[in-house]
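Student: One-letter residues, chain by chain:
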Amino acid sequence: MWGILRRSAVDGGGFSASSLRRTRSALVSARSYASGSKEMTVRDALNSAIDEEMSADPKVFVMGEEVGQYQGAYKITKGLLEKYGPERVYDTPITEAGFTGIGVGAAYAGLKPVVEFMTFNFSMQAIDHIINSAAKSNYMSAGQINVPIVFRGPNGAAAGVGAQHSQCYAAWYASVPGLKVLAPYSAEDARGLLKAAIRDPDPVVFLENELLYGESFPISEEALDSSFCLPIGKAKIEREGKDVTITTFSKMVGFALKAAEKLAEEGISAEVINLRSIRPLDRATINASVRKTSRLVTVEEGFPQHGVCAEICASVVEESFSYLDAPVERIAGADVPMPYAANLERLALPQVEDIVRAAKRACYRSK
Amino acid sequence: MALSRLSSRSTTLLQPLATTSLLRRRHISTDTTPITVETSLPFTSHLISPPSRAVETSSQELLSFFRDMALMRRMEIAADSLYKAKLIRGFCHLYDGQEAVAIGMEAAITKRDAIITSYRDHCTFLGRGGGLFEAFSELMGRTTGCSKGKGGSMHFYKKDASFYGGHGIVGAQAPLGCGLAFAQKYSKEEAVTFTLYGDGAANQGQLFEALNIAALWDLPAVLVCENNHYGMGTAEWRSAKSPAYFKRGDYVPGLKVDGMDALAVKQACKFAKEHALKNGPIGSNHHAFAFVFEQILEMDTYRYHGHSMSDPGSTYRTRDEISGVRQVRDPIDRVRKLIIAHDIATEKELKDMEKEVRKEVDAAESPIPEPSELFSNIYVKGFGAESFGADRKELRATLP
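In order, the protein sequences belong to chains Z and V.
Just so you know, we're using this note's numbering here: the first sequence kicks off at 27 and counts up by one.
Just so you know, we're using this note's numbering here: the second sequence kicks off at 34 and counts up by one.
Please keep in mind that the hints were generated in silico from the structure rather than gathered at the bench.
Worth double-checking, as some hints may not be accurate.
[Said to hold, decoys possible] Derived DEER-like restraints, expressed as beta-carbon distance ranges:
no. : chain 1 : residue 1 : chain 2 : residue 2 : range
1   : V       : Lys426    : Z       : Val362    : 34 to 40 angstroms
2   : Z       : Pro257    : V       : Ser275    : 50 to 56 angstroms
3   : Z       : Leu370    : V       : Lys426    : 38 to 44 angstroms
4   : Z       : Ser81     : V       : Asp283    : 55 to 61 angstroms
5   : V       : Leu74     : Z       : Pro84     : 44 to 50 angstroms
6   : Z       : Arg391    : V       : Arg429    : 33 to 39 angstroms
7   : Z       : Pro119    : V       : Glu354    : 37 to 43 angstroms
Ideal placement from N, C-alpha and C gives every residue a C-beta, glycine not left out.
From just these sequences and the hints, can you work out the full model?
Tutor: Below, the structure is given as structure tokens:
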């Protein structure tokens with residue numbers, strides 16, 4: 027797990043974790059973040075969110091591989107077994123189809139399971155239960171059986187974990203009516219969205235990011251309160267701008283913010299939208315922004331075909347066509363299974379320079 | 034079966050099944066003095082001592098068995114006709130022949146015990162207290178259906194009677210049922226979940242995953258394999274290396290039951306429920322020889338119809354086989370003979386009962402759902418999100 031901190035430090039060019047934090051908070055104070063002297067890692071944000079919701083509602087329980095005695099494969103559930111006991115925190119065998127179905131059945135009966143997938147790649151073994159047993163039940167039963175379950179875990183690429191462990195599932199799950207799909211970026215997002223997800227009466231797919239777990243973000247007093255909750259279905263404008271709209275989610279928000287800095291140096295003012303909610307998608311905020319800037323660059327880590335970006339482009343072309351001054355731009359993961367070699371992996375994922383280039387294209391500032 | 038309007042008189046007949054008030058309208062005995070009957074076949078067991086073959090019942094119970102099974106039988110036959118008349122669309126999986134499993138189980142449990150089953154769910158729904166009118170409405174896609182016409186044949190539910198459906202994906206109900214049992218244990222409910230699945234689903238991996246967890250965590254789950262010997266068109270000997278489904282749980286005790294004998298089913302379910310609720314001597318100590326709360330009940334049963342209405346049911350089995358079972362093992366005839374042998378009612382009285390049941394099974398006219406129902410119940414809380422029809426510029430809705 028501590029390898030993760032090292033990896034994110036390497037990304038910043040060989041800084042130690044603490045100097046990265048200092049650099050980040052310096053950058054961050056220039057942004058429109060909630061002001062506050064406290065900082066929190068995404069990991070701690072998630073842990074505290076689960077802890078508080080378990081404390082508030084005895085029906086909430088945690089289930090997954092290594093969530094208990096091992097303290098969580100990525101330490102997100104650290105300390106919960108000690109605090110709440112084996113009747114609230116369940117270590118499961120490595121049988122996703124079985125324990126996911128059990129979680130959904132428990133939700134049918136009114137409990138509130140928080141089911142962890144060690145990564146969302148393994149959710150494919152249980153996808154029938156997520157979609158056919160959970161997402162569709164409220165509809166098929168005309169409201170008799172609702173499913174207040176949360177499926178959470180790391181999603182998308184990590185570092186060097188290869189093709190079977192790097193896929194982003196946002197587009198797949200967000201295409202299903204009956205599911206809600208959330209993707210936090212900052213610690214505040216993580217706390218607010220996870221608390222909202224656990225309280226929500228419908229099935230929620232909660233897509234975290236392994237490489238973000240160790241990152242620290244400033245956090246407001248408000249966000250630290252146990253009643254804090256973020257609305258589902260509302261995007262956040264992380265940085266206001268007037269020349270081009272950049273939409274994205276999860277780890278790519280950080281990249282988009284860096285790209286916006288670079289673009290500002292060249293006189294392009296980019297508006298960065300952190301989607302937070304992939305389903306329901308906040309089309310209103312996205313379209314309002316594009317109507318202001320007239321240009322769209324949409325970014326995601328996942329495969330390009332039929333992706334989240336494709337949906338956003340379609341929405342903007344349908345709703346705001348006459349406002350567009352340039353073709354819509356998509357920056358996504360490469361259309362290849364994730365390679366292992368570090369240089370190829372870098373080529374397979376969006377980088378800051380890709381976002382900058384696309385924004386410039388949209389502004390007719392490059393060929 | 035022609036469609037006709039429901040008369041005001043017949044609305045009183047559309048009450049939940051097996052109520053004593055219905056029987057009181059008859060002059061037939063409502064005697065509850067115990068009668069002991071032996072099951073026709075002994076129980077075969079795995080890792081457990083089987084229950085006694087002597088089953089306690091009563092005149093009232095036997096008559097309710099007869100009437101309720103006759104109602105289920107007629108409902109399924111009526112559904113067959115309605116399907117052929119194209120009033121029921123899509124899939125329609127009929128349960129006739131298997132009625133004793135639904136009826137016997139209900140006699141052994143309460144509405145606080147949960148049941149979950151596959152897509153062959155019409156009679157299970159009735160057994161849980163579902164109404165005939167709601168069932169037919171649902172089959173015909175009407176808004177008065179138990180799922181407001183949004184579910185269809187495979188998705189009947191009755192949450193207030195702890196009936197959790199109605200599932201289209203083969204085997205999915207196995208882990209879901211163990212999840213219901215998990216919730217019962219978590220909430221300290223002193224109730225049990227009966228998870229029904231077929232011989233086809235018995236080979237599914239997720240079933241063994243769920244069984245493992247249920248045994249590990251001491252969940253009050255009873256898995257009931259309704260072995261009608263054919264998984265769609267594939268006979269059990271062609272799909273299972275070991276067709277002894279009651280033994281397939283390995284460390285989980287099992288019982289093989291004559292599923293055409295309602296009293297044997299009742300005895301087995303009663304036995305399994307008691308076993309699942311017992312506080313074992315070792316409790317939650319996960320010792321290798323710890324008491325296992327679950328059981329697998331294999332019900333040896335038979336379906337007269339094919340797998341569904343698109344399957345004639347005769348390409349993979351002979352008509353002689355089907356009629357043979359009907360003559361020798363039919364569950365309704367078995368109860369009829371018992372009733373006559375114990376002098377509870379006469380042959381004529383039973384025939385009259387059957388005629389009444391035929392009349393009850395009638396379809397009413399009821400409205401199709403409003404177009405706005407397309408967008409209802411997607412979420413409990415929609416947060417004002419939008420949903421779309423095929424042409425999103427033409428049809429869209431805001432979800433409440």
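Student: Just tell me: holds or violated, for the beta carbon distance of Pro119 (chain Z) and Glu354 (chain V) against 37 to 43 angstroms?
Tutor: Since the Cβ atoms of Pro119 (chain Z) and Glu354 (chain V) sit about 41 angstroms apart, the hinted range of 37 to 43 angstroms holds.
Student: Could you say whether the range 50 to 56 angstroms given as a hint is met by the Cβ separation of Pro257 (chain Z) and Ser275 (chain V)?
Tutor: holds (53 angstroms)
Student: Taking 34 to 40 angstroms as the hint, is the beta-carbon distance of Lys426 (chain V) and Val362 (chain Z) inside that range?
Tutor: holds (36 angstroms)
Student: Is the hinted range of 55 to 61 angstroms satisfied by the C-beta distance from Ser81 (chain Z) to Asp283 (chain V)?
Tutor: Distance hint for Ser81 (chain Z), Asp283 (chain V) is violated at roughly 39 angstroms.
Student: For the pair Leu370 (chain Z) and Lys426 (chain V), does the Cβ-Cβ distance stay inside 38 to 44 angstroms?
Tutor: holds (43 angstroms)
Student: When you take the CB atoms of Leu74 (chain V) and Pro84 (chain Z), is the distance between them in 44 to 50 angstroms?
Tutor: Holds: the Cβ-Cβ distance is about 46 angstroms, inside 44 to 50 angstroms.
Student: Looking only at beta-carbon atoms, does the pair Arg391 (chain Z), Arg429 (chain V) fall within the given range of 33 to 39 angstroms?
Tutor: 37 angstroms Cβ-Cβ, so the 33 to 39 angstroms window holds.
Violated hint for the displayed structure: number 4, the only one.
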